[in-house]
Amino acid sequence: MSTESIPAGRPADRLRDGDTPVTHAPSAAARKVGGVAGWIDDRTNGARGINYLLRKVFPHHWSFMLGEIAMYSLIICLLSGALLTIWFVPSAGHTVYDGSYVPLRGTQMSEAYASTLDISFDVKGGLLIRQIHHWAALMFLVGLTVHMFRVFFTGAFRKPRELNWVIGTVLALLAAIEGFAGYSLPDDLLSGTGIRAMEGFVQTAPVIGSYLAYAIFGGPFPGEAIIPRLYAAHVLLIPAILVGLFIAHIVLVAVHKHTQYPGPGRTNDNVVGHRVMPVYAATAGGFFFIVFGVITLISALFTINPIWAYGPYDPSPVTAGSQPDWYMGAYDGALRLLPGWLEFQIGGNTLSLNIALGALVLLPLVYIVLGSYPFVEKWVTGDDREHHLLDRPRNNPTRTGIGMAGIVAYSVFMFAAGNDIMAIKLGMSINDITWVFRIGLFVLPPLAFWVTKRICLSLQRRDRDLALHARESGRIIRGADGSFHERHDDLTDYERWILVQHEPVAPLQLEPEYDENGVARPAARKDRLRAKLSHFYFKDAVNPVTPAELAAAHHDGQQAEAIEAPFDYEGIEGDSDHTPGNGGVGADTNAGRGGIGSASRLRE
Amino acid sequence: MNEQDSTPTGGEVTRTGEFGSGAVRLDQGHIVGDGGIPERFQNPGFPPHAVRGADLDEAAAKRAERIVGGLFVMSILGTLGFIVAYFAIDSEATIFIPGTGSTNAVHAVLGICMALSLLGIGLGAVQWAKTLMNDHEAVEERHPQRSADADRAKFVEIMSDGDRESQLSRRPLIKYALGGALGLFAVPVVLPLIGGLGPLPGDDLSVSFWNGEQEEDGSYPNEPLRLMRDPQNTPIKASEVTIGSVFHVMPEGLLDLEEHILEAKAKAAVIVMRLDPDDIKSQKEKDWGHQGIVAYSKICTHVGCPVGLYEQQTHHLLCPCHQSTFDVTQDCKVIFGPAKRPLPQLPITVDDEGYLISKGPFREATGPSFWERGSA
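Residue numbers (full-length UniProt numbering), protein chains in the order written: chain A, 1 to 604; chain B, 1 to 376.
To be clear, the hints were calculated from the coordinates, so they are not data collected in a lab. For every residue, glycine included, the Cβ atom is placed at its ideal position computed from N, Cα and C. Among the hints, erroneous ones may be present.
Derived lysine to aspartate or glutamate pairs resembling EDC-like cross-links, with alpha carbons at most 16 Å apart [said to hold, decoys possible]: (1) A:Lys159 <-> A:Asp41; (2) A:Lys257 <-> A:Glu377; (3) A:Lys378 <-> A:Glu162; (4) B:Lys359 <-> B:Glu140; (5) A:Lys257 <-> B:Glu140; (6) A:Lys56 <-> B:Glu140; (7) B:Lys281 <-> B:Asp331; (8) A:Lys159 <-> A:Glu377; (9) B:Lys333 <-> B:Glu364; (10) B:Lys237 <-> B:Glu353; (11) B:Lys359 <-> B:Asp203; (12) A:Lys124 <-> B:Glu140; (13) B:Lys281 <-> B:Asp327; (14) A:Lys124 <-> B:Glu92; (15) A:Lys56 <-> B:Asp135; (16) B:Lys175 <-> B:Asp163; (17) A:Lys532 <-> A:Glu503; (18) A:Lys56 <-> B:Glu137; (19) B:Lys284 <-> B:Glu252; (20) A:Lys56 <-> B:Asp55; (21) B:Lys284 <-> B:Asp163; (22) B:Lys175 <-> B:Glu165; (23) A:Lys257 <-> B:Glu141; (24) B:Lys130 <-> B:Glu65.
Simulated DEER-style distance windows between Cβ atoms [as the list claims (entries may be wrong)]: (25) A:Asn431 <-> B:Lys359: 31 to 39 Å; (26) B:Leu178 <-> A:Val253: 33 to 41 Å; (27) A:Pro339 <-> B:Gln232: 37 to 45 Å; (28) A:Pro26 <-> B:Asp151: 37 to 45 Å; (29) A:Phe375 <-> B:Arg171: 31 to 39 Å; (30) A:Thr85 <-> B:Arg170: 32 to 40 Å; (31) A:Leu79 <-> B:Pro98: 24 to 32 Å; (32) A:Asn431 <-> B:Ser239: 50 to 58 Å.
Derived, one-sided and incomplete: chain A residues facing chain B with beta-carbon distance under 8 Å [to be verified]: (33) His61; (34) Ser210; (35) Ala215; (36) Phe217; (37) Gly244; (38) Phe246; (39) Leu297; (40) Asn354.
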């Protein structure tokens, strides 16, 4: 299709059809550029690689821009952060403020806080850079998270991209830590309270807590070491790893070639989209400026983190409504929900699980669960093929349900960090709100799983319905015998393909407990678990319409429409190594060789 | 395909399933082909290319060109506006922006101009790509990630050749010695780092400024100290503490410190309240107080935020960070929220002049829990 020519609109163009194109001699400017490029290529052998990259094809879809938002926000953070280092003084050394913000003049504060005030009030445009830096950081975390949702729900983490998913998970964790280190630097009352809480978390680590806290803070809290140390982490250590992994992430995207959504002409073996030169360069490059522009506009209009309003850090006062930035909210929320009875005395020692669980366990746990999901799903499905075509989320209802349950659980934690704000805004008791969250944590994720899965199954059935019966036109036809029926408009092959392209799936089957000679062949516990999980994933799969079904529907709609087809164990073709995707369930065959024993066991 | 006029499919079927799709025969299952019909649908290939207005109509293309050019010009104007605003607007000037209120003029104008400058480039480039650039999709073939078998075999061969030529496997002494050396060489880098991170805590977390300066033999004087208002640094007469009032208190001398004042505050901050003695349910609390005046650590036993919110009517102390709620009438027992331990009480009395003084230090560590804090 790439060779199709643009339909000629003008008669003159039609006259020129088939002419060999005229080659013009390059212009003087082009020759100059060519000279420079030639000079570089003489020394680098770069033309081949660059040509390859410039001709690379990227599929396009709005959801592919979510990762770009994260990427560009990271670059904006790097740019604006580099500027901020020019003025920021990472020191807890005491000073008396004498800058132009009148309410704080004469106040004792750290040099870090004073220099942040100077950036905000005495450097022209400094506040804009600070705001861009903070908003871009928030946008980075948002973009990264939503990008992760897209990758999860479309199954883009499947082979060969598991490694890149893991890299992305580490990036997400580092981004959150980087953000925390960053917003802790100004040493204002709010961020200092955040560091105070962090110190409290560290202190509760079993056995080594107080040693760890004194090591991190260089002595008792707050000390003067934490600001320079956070600064080193924020501007050097974490960004170095972050940028390194980010480059690896992008390189792997190029190596794997981008995934694409299913559609007519799109297969697992091709990439359909625009080449880097010129279209993708223009859209993606332009999008960088759009993201930067939007962040700048937000920064100009909406103030984030007005550190001047909080005052310098002091361990004794505190402001009501102290909250971390959103990406740390889940852990703060967990701390609000965990009950106090989780603190235990063990032989004269104190084990504070009410804190350690929320801060020291939950944070790594979130990322470990995320990072390991592709491997779990791969084990359950046994699918070792490369996947470059994305799943429509509805076509994997269990995965989509799990994802939604995870998002809801995370959100319960995150919104719990705002329980005090909600109590004030809604005029409700904070105790009640906290209890709602506590209960919600256990009730809402399973509910979200169930609702999401049902919605997906319904959407799949709707797809089947549409594929089988096409669109109701609203036109009533009277037949020759006087009967009435509605005319249905056919789908085009292209429209139908979207609805039927996905692979039919079926749960894995255990081998029968006894082989044909009646010898016991106990399934390994691992296999049983795997069969159970596979059953959980695929037991109520709604498989795509087959050509046979469509033909039958056209022939006689009453006979063959199997909308609510349960998985038919008796009908399964005896194949213990039955991987999803190698054919549908043979309901019209009577073969019941294998799987019967196991099926009845699995069915419970 | 089918002629719907002669084979109605949807309308007149009795609705049986909850999905309203008409006849459902559960025993039919998922029907696959049985020979004549392929098992699955075939990919129909690319649909015909949709042509854009600017491809057909030179006037539309011209219009698109003008829009793109206009957006780039908007960017130039934004940048120029930024430069002008940077020099022309006074730093102190404020500007009213509808919706967000009054704000610093330089900040707002610089930001808006910069946003115009950036958005002009971005929107222009995207509009250009969408309307004028060739929009025929290109197709690239994918190849499996797996290298060719020959390459993988070659890799194994190179590695085993390397092993053979270096004699690594043949000479276990070298292998294990090198393994040990590589395993240990980072120690000189890491040890000074870990050793130099900070002092060991010792009993530092368990004592506070109320214990006084540590003596040479490691003991603390534990002498009475006056309760001083924070931040005024003035002593408090018991008679000034009326029922229902709250005082934020530091030990005498803390606020005069030249250095490490924040570290001292982080453990020694105290909140003083006066209750009707009849409201106090704990005898220990009464004994350690003075006529209903009680002093408690202001540092939350959860993660160490200041417990700054005192509800006068209910006698509850609330931590604003995680909402642990302490009941002052019950010796600051936790009645809600994530904290486990009550706030430590500071025993107080009055001196000869009628000022509140401590009757010794806290009897347990203030602030968040830690492993070796003891079970006090």
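Verification of the supplied hints:
1. A distance of roughly 36 Å separates the Cα atoms of Lys159 (chain A) and Asp41 (chain A); the hinted pair therefore is violated under the 16 Å criterion.
2. For the proposed pair Lys257 (chain A) and Glu377 (chain A), the alpha carbon gap of about 22 Å is over 16 Å, so the pair is violated.
3. Restraint check for Lys378 (chain A) and Glu162 (chain A): the C-alpha separation of about 10 Å stays at or below 16 Å, so the hint holds.
4. Under the criterion of a C-alpha separation no larger than 16 Å, the hint pairing Lys359 (chain B) with Glu140 (chain B) is inconsistent with the structure, at around 82 Å.
5. For the hint pairing Lys257 (chain A) with Glu140 (chain B), the CA-to-CA distance comes to about 9 Å; that is within 16 Å, so the pair holds.
6. Between Lys56 (chain A) and Glu140 (chain B) the alpha-carbon distance is near 8 Å, which keeps this suggested pair within the 16 Å criterion.
7. Between the alpha carbons of Lys281 (chain B) and Asp331 (chain B) the distance comes to roughly 8 Å, so the proposed pair stays at or under 16 Å and holds.
8. With a C-alpha separation of about 11 Å, the suggested pair Lys159 (chain A) and Glu377 (chain A) falls inside the 16 Å cut-off, and the hint holds.
9. Between Lys333 (chain B) and Glu364 (chain B), the direct Cα distance comes to roughly 15 Å. Compliance with the 16 Å bound is thereby established for this hinted pair.
10. For a cut-off of 16 Å, the pair hint linking Lys237 (chain B) to Glu353 (chain B) stands: about 8 Å separates their Cα positions.
11. Using a Cα cut-off of 16 Å, the hinted pair Lys359 (chain B) and Asp203 (chain B) is violated, with the two alpha carbons roughly 21 Å apart.
12. With a C-alpha separation of about 50 Å, the suggested pair Lys124 (chain A) and Glu140 (chain B) falls outside the 16 Å cut-off, and the hint is violated.
13. Annotation: proposed proximity of Lys281 (chain B) to Asp327 (chain B) holds, straight-line Cα distance about 10 Å (limit 16 Å).
14. Annotation: proposed proximity of Lys124 (chain A) to Glu92 (chain B) holds, straight-line Cα distance about 10 Å (limit 16 Å).
15. Only pairs whose Cα atoms come within 16 Å are accepted, and Lys56 (chain A) paired with Asp135 (chain B) is accepted, the gap being roughly 15 Å.
16. A threshold of 16 Å between alpha carbons decides the hint, and for Lys175 (chain B) with Asp163 (chain B) the separation of about 11 Å falls inside it, so the pair holds.
17. This hinted pair does not check out: Lys532 (chain A) and Glu503 (chain A) have alpha carbons roughly 21 Å apart, beyond 16 Å.
18. A hinted pair counts as satisfied when its Cα atoms are at most 16 Å apart, and Lys56 (chain A) with Glu137 (chain B) qualifies at roughly 12 Å.
19. Between the alpha carbons of Lys284 (chain B) and Glu252 (chain B) the distance comes to roughly 24 Å, so the proposed pair goes past 16 Å and is violated.
20. Note on Lys56 (chain A) and Asp55 (chain B): the hinted pairing is violated, with a Cα-Cα distance of about 24 Å set against a maximum of 16 Å.
21. Distance check on the hinted pair: Lys284 (chain B) and Asp163 (chain B) sit about 76 Å apart at the alpha-carbon level, beyond 16 Å; violated.
22. For the given pair, Lys175 (chain B) sits about 14 Å from Glu165 (chain B) by alpha-carbon distance, which is consistent with the 16 Å threshold.
23. Taking the CA atoms of Lys257 (chain A) and Glu141 (chain B), the gap is about 10 Å. The hint holds against a cut of 16 Å.
24. For the proposed pair Lys130 (chain B) and Glu65 (chain B), the alpha carbon gap of about 11 Å is at most 16 Å, so the pair holds.
25. The hint said 31 to 39 Å for the Cβ distance between Asn431 (chain A) and Lys359 (chain B), and at roughly 35 Å that hint holds.
26. Between Leu178 (chain B) and Val253 (chain A) the beta carbon distance is about 37 Å. The supplied range of 33 to 41 Å therefore holds.
27. Take Pro339 (chain A) and Gln232 (chain B): their Cβ atoms lie about 39 Å apart, and the range 37 to 45 Å holds.
28. Range check, Pro26 (chain A) to Asp151 (chain B): about 40 Å between beta-carbon atoms, so the 37 to 45 Å window is met.
29. Between Phe375 (chain A) and Arg171 (chain B) the CB atoms are about 38 Å apart, so this pair conforms to the stated range of 31 to 39 Å.
30. A C-beta distance of roughly 54 Å is found between Thr85 (chain A) and Arg170 (chain B), which places it outside the suggested range of 32 to 40 Å.
31. Here the CB-CB span from Leu79 (chain A) to Pro98 (chain B) is close to 30 Å, well matched to the stated 24 to 32 Å.
32. At about 36 Å, the beta-carbon gap between Asn431 (chain A) and Ser239 (chain B) misses the expected band of 50 to 58 Å.
33. With a cut of 8 Å, the hint placing His61 (chain A) at the interface with chain B is violated, because the nearest CB-to-CB distance is about 12 Å.
34. Among the interface hints, the one on Ser210 (chain A) holds; its C-beta lies about 4 Å from the nearest C-beta in chain B, closer than the 8 Å criterion.
35. At a threshold of 8 Å, the smallest CB-CB gap from Ala215 (chain A) to chain B is about 4 Å, leaving the interface hint in force.
36. With its C-beta approaching chain B no nearer than about 6 Å, Phe217 (chain A) sits inside the 8 Å limit, and its interface hint holds.
37. Contact between Gly244 (chain A) and chain B, as hinted, is not supported at the beta carbon level, the nearest pair being about 19 Å apart and thus beyond 8 Å.
38. For Phe246 (chain A), the interface hint is violated, since its Cβ never comes within 8 Å of a Cβ in chain B; the closest pair sits about 21 Å apart.
39. Of the supplied interface hints, the one on Leu297 (chain A) holds, with its beta-carbon coming within about 4 Å of a beta-carbon of chain B, less than 8 Å.
40. With 8 Å as the threshold, the beta carbon of Asn354 (chain A) comes within range of chain B, its nearest partner Cβ sitting at about 5 Å, so the hint holds.
In this structure, the hints that do not hold are numbers 1, 2, 4, 11, 12, 17, 19, 20, 21, 30, 32, 33, 37, 38, in rising order.
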